[in-house]
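Chain A is already provided as a structure; the job is to place chain B on it using the hints.
Those sequence lines, one after another, are chains A and B.
For what it's worth, our numbering labels the leading residue of the first sequence as 27, then goes sequentially.
For what it's worth, our numbering labels the leading residue of the second sequence as 799, then goes sequentially.
What the hints contain is simulated information worked out from the structure, not anything from laboratory work.
Source: prediction; values computed, not measured.
Ideal Cβ positions, reconstructed from N, Cα and C, are used throughout, including at glycine.
Incorrect hints may appear among the rest.
Claimed, not checked - Here are the computed distance ranges between Cβ atoms for each label pair:
hint, chain 1, residue 1, chain 2, residue 2, range
1, B, Ala859, A, Gly316, 44 to 50 Å
2, B, Arg877, A, Asp64, 26 to 32 Å
3, B, Arg814, A, Asp64, 26 to 32 Å
Stated by the list, open to error - Here's a subset of chain B near chain A, in silico, CB distances under 8 Å, partners left out:
hint, residue
4, Lys810
5, Arg812
6, Arg814
7, Asp816
8, His818
9, Arg821
10, Met823
11, Val825
12, Pro827
13, Ala837
14, Ala839
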Amino acid sequence: MTPRPYTLVAELTYRCPLACPYCSNPLDHAQYGKSELDEVTWRRVLDEAEELGVVQAHFTGGEPLARKDLEALVEHAHRLGLYTNLVTSGVPLSRERLEALARAGLDHVQVSVQSASRARGDAVAGASAHEQKLRAMRWVKELGLPLTMNVVLHAANIDDIDALVELAEEMSADRLELANAQYVTWALANRDALLPARSQMDSAAGRARHHQARLAGRMDVLFVKPDWFGTTPKACMDGWARRFVHVAPDGRVLPCHAATTISSLRFESVRARSLEEIWKHSDALLAFRGEAWMPDPCRSCDRREIDFGGCRCQAFALTGRADAVDPVCSLSPHRHIVDEALEASRAPSRWLHRGR
Amino acid sequence: MTASDTLKLARKARLRFDRHDERWMIVYPERGLVLSESAAAIARKLDGTRSLEQLTGELAAERGADPADVRAFVDALGRKGLLER
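If we strip away everything but chain A, and leave its shape as in the complex, we get (with noise of 0.2 Å):
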């Protein structure tokens, strides 16, 4: 049977005024600007997505603000009573746009943060964006929005998870997510500038764990380790087209964002068929549904119903086959590669930005 998914991953767009060098968007972005969906076009994705059972749409990007149609995108979702969720940089927002959005219907907002420092934060970002973030989660806050501080943890601010929670109180963040970086796109061309030593990694879990339960009750401290520091693999997205169903800029229907990296996959676009059709038919969304694609030893592995098997983008980018074992777990013949990631020397390397 079909699985439903329940939450629609709106990438509007890929444009970005920051250019982090951890992005999530694909390497070739900038290829992206004309071949964007129109807003008619991701009013019947909202629809079709409402229909197939989905209750949650997450507006991203790239900067989902750089498309003007995002107020009119929001109150489409509100009025089909899906919970909307706006993932934002913060840039460029102004007060006049957070309340139309607001009045929109929108019902969380999650703004990106690079550093605790405006200094480091904006050497990150490549951009002067950071006071400008500090002023989008005040308004957020004073507009009554519940707010998510994300902060993207590599090693050049994994040592800082102290100084990020003392600003996510500052800010009366709801919610702060210390997200590891995921080391697909972006962020593994630049893995060995970001990547950070176990020591560090440790420690900072440890840090994680004491906020957690200083603040329980009064804000969510989200730290999940990163599956390379661990020895079974993550339950990516889920499952493969199992929970979520993405759409890209171009109305490509993914299991994930960064699903178009395997090469060996040819995923459909909305502009040729229904989002329900593509769902349910399409050979790329089918080919790591469930469990008949598994190799040995998952397909008997009793985590194989908690793990799924793992991430697909990522085996595909270390061993070049989507469907090896992931990497990650002990029991694949490739975990070398990921151990040898792990130990190689953090030497202070430079990382890439994304271009914008």
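What follows is chain B alone, placed relative to chain A:
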């Protein structure tokens, strides 16, 4: 939380009826919680007008709900950060 505080779902959480499975759900960032009929009966009353004592009293009178079950569900919501604080 004391017995006289009024109970309300957190601002980030929305209670909605799911037309597909015909069940109530609490939806919040990145997650959703599918509610049983008795949990939904409790959640629908978390609108900031009742204390825990009033809530357990009403649900016992209307549905014969065990106050201990009601308290356990309310506590679980609180632990998930789904009650206003």
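Going back to the hint list, which numbers does this structure go against? Violated: hints 2, 9, 13, 14.
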